[in-house]
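These two chains come separately, so use the hints to put the complex back together.
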Amino acid sequence: MDKMPGWADAVLVPLISLLLAAILSALVIIGIGEDPVAAFKLMVDGALMRSSGWGYTLYYATNFIFTGLAVAVAFHARLFNIGGEGQAMIGGLGVALACLYIPWPNWYVALLGATVSAALFGAMWALIPAYLQAKRGSHIVITTIMFNFIAAAVLNYILVNILRPQGAMDPATARFPEAAQLPTFQDMFSTAETAMFRGAPANVTFFLAVFMCLAVWVLIWRTKLGYEIRSFGQSESAAKYAGISPIKITVVAMLISGGLAGMMALNTTMGEAERLVMNATEGAGFIGIAVALMGRSHPLGVLLAALLFGFLYQGGAELALWTNIPRELIVVIQALVILFTGALDNMVRMPLEKLFLAARRKA
Amino acid sequence: MDFATLLQVLDSTVRLATPLLLACLAGLFSERAGIFDIGLEGKMLAAAFFSAAIAAITGDVWMGLGAGILASLALSVLHGLASITFRGNQLISGVAINFLAAGLTVLIAQDWFSQGGRTPSLIGAGRFEPIILPGAAEFAGVPLIGPIYAELISGHSILVYVAFAMVPLTWWLLYRTRFGLRLRAVGEAPEAVDTAGVSVVGLRFVAVGICGILCGVAGAYLATALQAGFVKDMTAGRGFIALAALIFAKWRPWYALYACLLFGLLQAVALRYQNIDLGAFVVPVQFMDALPYILTVVILAGFVGKAIPPRAGGEPYVKER
Chain A
0 MDKMPGWADA
10 VLVPLISLLL
20 AAILSALVII
30 GIGEDPVAAF
40 KLMVDGALMR
50 SSGWGYTLYY
60 ATNFIFTGLA
70 VAVAFHARLF
80 NIGGEGQAMI
90 GGLGVALACL
100 YIPWPNWYVA
110 LLGATVSAAL
120 FGAMWALIPA
130 YLQAKRGSHI
140 VITTIMFNFI
150 AAAVLNYILV
160 NILRPQGAMD
170 PATARFPEAA
180 QLPTFQDMFS
190 TAETAMFRGA
200 PANVTFFLAV
210 FMCLAVWVLI
220 WRTKLGYEIR
230 SFGQSESAAK
240 YAGISPIKIT
250 VVAMLISGGL
260 AGMMALNTTM
270 GEAERLVMNA
280 TEGAGFIGIA
290 VALMGRSHPL
300 GVLLAALLFG
310 FLYQGGAELA
320 LWTNIPRELI
330 VVIQALVILF
340 TGALDNMVRM
350 PLEKLFLAAR
360 RKA
Chain B
0 MDFATLLQVL
10 DSTVRLATPL
20 LLACLAGLFS
30 ERAGIFDIGL
40 EGKMLAAAFF
50 SAAIAAITGD
60 VWMGLGAGIL
70 ASLALSVLHG
80 LASITFRGNQ
90 LISGVAINFL
100 AAGLTVLIAQ
110 DWFSQGGRTP
120 SLIGAGRFEP
130 IILPGAAEFA
140 GVPLIGPIYA
150 ELISGHSILV
160 YVAFAMVPLT
170 WWLLYRTRFG
180 LRLRAVGEAP
190 EAVDTAGVSV
200 VGLRFVAVGI
210 CGILCGVAGA
220 YLATALQAGF
230 VKDMTAGRGF
240 IALAALIFAK
250 WRPWYALYAC
260 LLFGLLQAVA
270 LRYQNIDLGA
280 FVVPVQFMDA
290 LPYILTVVIL
300 AGFVGKAIPP
310 RAGGEPYVKE
320 R
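Residue numbers (numbering that gives the first Met the number 0), protein chains in the order written: chain A, 0 to 362; chain B, 0 to 320.
The set of hints was computed from the structure by calculation and includes no laboratory data. Think of the CB as a built atom: it goes at the ideal place given N, C-alpha and C, for glycine as much as any other residue. It cannot be assumed that every hint is accurate.
What the hints assert, rightly or not - These stretches of chain A come out as covered by chain B in the derived footprint (C-beta under 8 Å, 3 or more residues):
id	segment
1	25 to 34
2	129 to 137
3	154 to 161
4	257 to 266
Looking at chain B on its own, in the form it has when it is part of the complex (with noise of 0.2 Å):
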């Protein structure tokens, strides 16, 4: 493999990482206050339907991102009402949700588009356009350093640098602020927090609408920059590699954008080169598939390091009389 192929690879892992990257973060706010969410699949699927349909009726991504961001939220808020107000089964309710936008997109888009549950295309201003940076076409001659910067760093959307500063942004917000303290606190102990006058209900469900807004922007992204609409199922299990990584992270911010770009290469070996031919032995693509999966099962065993998720985890809080 020679400089340049490499290269192209790692520039997709980026790309098909974002999506993960935003999700699993997503997933990681609702987690750590103490609320399961395997609904990410679905709020993703939904927003990428609503920016995809918003956009391609305004021909404004940024009206369709927003439109995306209110549509994931609205899933977010039918979690927290399930899970947090009537406390309900917070697994059970993620399935509803993964179901529910998994229908409704399809019905929603035949209703308005009539082209079998897909959108219009998007084009121009109805999507992210690649971002040049500053100096990419100056620095690309030289060696090494040009063409990574001109290729690999450069020319990406605006959400997926949106997605990479969301790392450092999550990592401060949940251990260097004050907000950040009792959202970790509400996932382990929200009796203590409860004790401290802190308001368990409000604050997961703060945890629960950054989830929806995070995952707006991941769906967004699937639909407005890295394809060019929504088709039916586009998400393609990318929640639950997101909730993979998620747990493979151990639920830490710094750990998650790791184990996503992992799972981003993954993909981006298996897109591009189907079996991988190693002499001895030939990889199958189903193999490359199936790894995010099966490395989540043996972390999961405990067998290399233990995950271990926020000790009140799907409990729904009930108070003491």
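Chain A on its own, in the form it takes in the complex (with noise of 0.2 Å):
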């Protein structure tokens, strides 16, 4: 057996990625002349030390575990799905439509029709991309890229021409009824007496985002479907001999996939905008694949991953508010996190596995 134990590969190679990418980070900070620490310091206690940080630290969250889940999906078939942008977009249509036009009697099937709405909507933008590469055998990647674009002018279309409301300004649909607007943590946990969560935007689908980590897992490592995914992902050839359709396969994991990304736009259009604006995705789809590939595609992972961008994103925000340093650092430090976990994956897995094998060696 030359290989390094199951729990080296899967904390500590992504540990020591993350630590490469966080010292780089502290690199770019000083070079900015700043004082990581204290940034660090006031990351913290922005985005961890109040319930309204937290408040906004678990909104994003919500954001990155729907469309990490997305990416590790497609990760199982060996698909990269690169459209959770475009399809969360039209996942956004989705959700606007259903609140706008279905008359809700409250918030829980409001909830639960626009789910299906937005993974329907989801769904089906993923779709083309994903028959395109079965049975046509063009490129997941580039097709999915393009119908990120494809996705940005069709919305732009409707709503400066459809869904805008007569006299209105911005190109966004109209409020959405009081029916089908989501509680927040506002809502939920204040007391009489102490407010908690105050003006934060994290509303019920945090919880409807970690149920679905739970069905994700539930389908990867526990359904028969799941057990195809994988072993497609694993080797084609295999898949092929055992009976799986690489067509079949191919498009469920991108339907899947593609579901999951439409579903995010509940968090942020019916959670939080109340209703559809233009930038409603806010990049989560290309955060997506940083969460994914740190959390290895399992959903435990993303789950960890997704809070841990969560914080970042909060905490850029506060160091954005109170210092000199931009809101772009989050976005350095998410691609040194791509960069270190993803494509330099073998820089530190290499050095690694020799390690243990000279260690084993000798004992």
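So this is what it looks like as structure tokens:
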């Protein structure tokens, strides 16, 4: 056996990668003349030391759980779905249509209906790239990138020309009716004496996101379909030999992935803005890539990575508010995480593997 | 539409096609050698910032161009390190490079200039000025040919002519030199190149390096010729349109020129007309924006001629033992 123990592969490699990304991020902060320790302290204070900070952290984390799960499911079938952004945009359209045109009796029925609609719209947007990959051999990465741009154009057209209320200036839909607005953490956890999560956008969708982590775990490791997806991802030829249809798995995995990405729009559109705006996705579709890579495509890993990125996002906003460090610092950190946990994975893994082998030989 | 308007639209087509063409040829070198590159956007963006920043500081646009090329090359080396040396996923590396450039440019711009993530406006020698070709003024009076020469062909910055000259040069390099043969071979059958005793790693690094240089020129053109300075996210998806053009052109240099001119024309028309009224129905501006991507998907789907990428594209090369 010339392999590392499982715990090293699942925990040690990502931790070292994360450490490298953190060191480089600290160097970047020093490079622009700021103090990384003070910056980190400010981020912790702003994101984790107040309940409203947690409210923002969990709000961002909700987005990243959905998009991270979306990328992770596709990864299991060895498909790189880079189109989470577009799928979430179209998912937002599904949410808006469901909330605006169906008279819901109360919020939990509305949430159920909007969830189905968001997932359907997101899945629909992933269907064409999936079909083209499965049947025509067009590379899924390129088609999903193209579909991100097409989604932006479609959404722009629909918001400006169709869904914008008469007389309104900004490209956005009308406000959703009262019955289709979700309770926030403030509504749910505040008591008469103490207000919790004051003004923070975190809402009931967070629990849906956590539930989806569990659902994805069951799907991937406890169902026949999940087994087929994983075998297809491990070896296409072996899967084919076992009678698994590559076309079916490609399409189904991408539909699930697109549906999960689409559901992200529930949080931003129904939970926070309470109407559909142009930039409702806030780049979360791409952060899903970093989250899935860091979480090793495991739902628990995705949950933890999403919390970390939620913290980074809220902390980054605090930094931009109180220091001269722009919000783009988070984009740099995100890039470094993708670089070290994704592209430069072997740089960490190869020496570590040698180290373990040498240790074993000695023992 | 009268003749003068047509000329203006075509003129802006040339201007807008230039960065696409440079980036598209950059991608062509890389992908023909078997290295997928979705980081064209990031490399252009980094080059745009550093060229504008150094041009603003030194007041010399050539220094700016050099800095832009160096910045883009640095990202290319990173891409090469990740995807050739450490055999990582080329697509993930490209995604990382795009984000790295998007974040670092604003961060450094804010640190250096404190103008909200932009550089100061470039003036005088800090920009590439249009070149008036000899005889443009004299021939302008000649009907038809005169205005075409004076308006369309003359009066662009030097980088536009460089970009168009790169097309035959790329063709010659790829199809008429030993280096080109090896480069194409390393993207189709690296094991054959290895058997012949030529370094796969070396060739791929050279290809990725050329890609970096061309992206650098493309970015510098954006910030120092097309516009006068850097603004946040100024590439605005051009790297991806170039990628689309590359697929549209099926990885061939002359077709790359036509594809980039077509996509440049779409941008020029969208910029000038917004919604186009065709009488029976109106073509919305969003449709014009999305058209390059839609066309690429159609081509990729293989309904209008199949686009087949280099066979070894995206696969790290591992020597057999």
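Going through the hints against the structure:
1. 25 to 34: Since three or more residues must qualify, the claim that chain B covers the segment 25 to 34 of chain A holds, with 4 doing so at under 8 Å.
2. 129 to 137: holds (count 4)
3. 154 to 161: Result for this restraint: holds, n = 4.
4. 257 to 266: violated (count 0)
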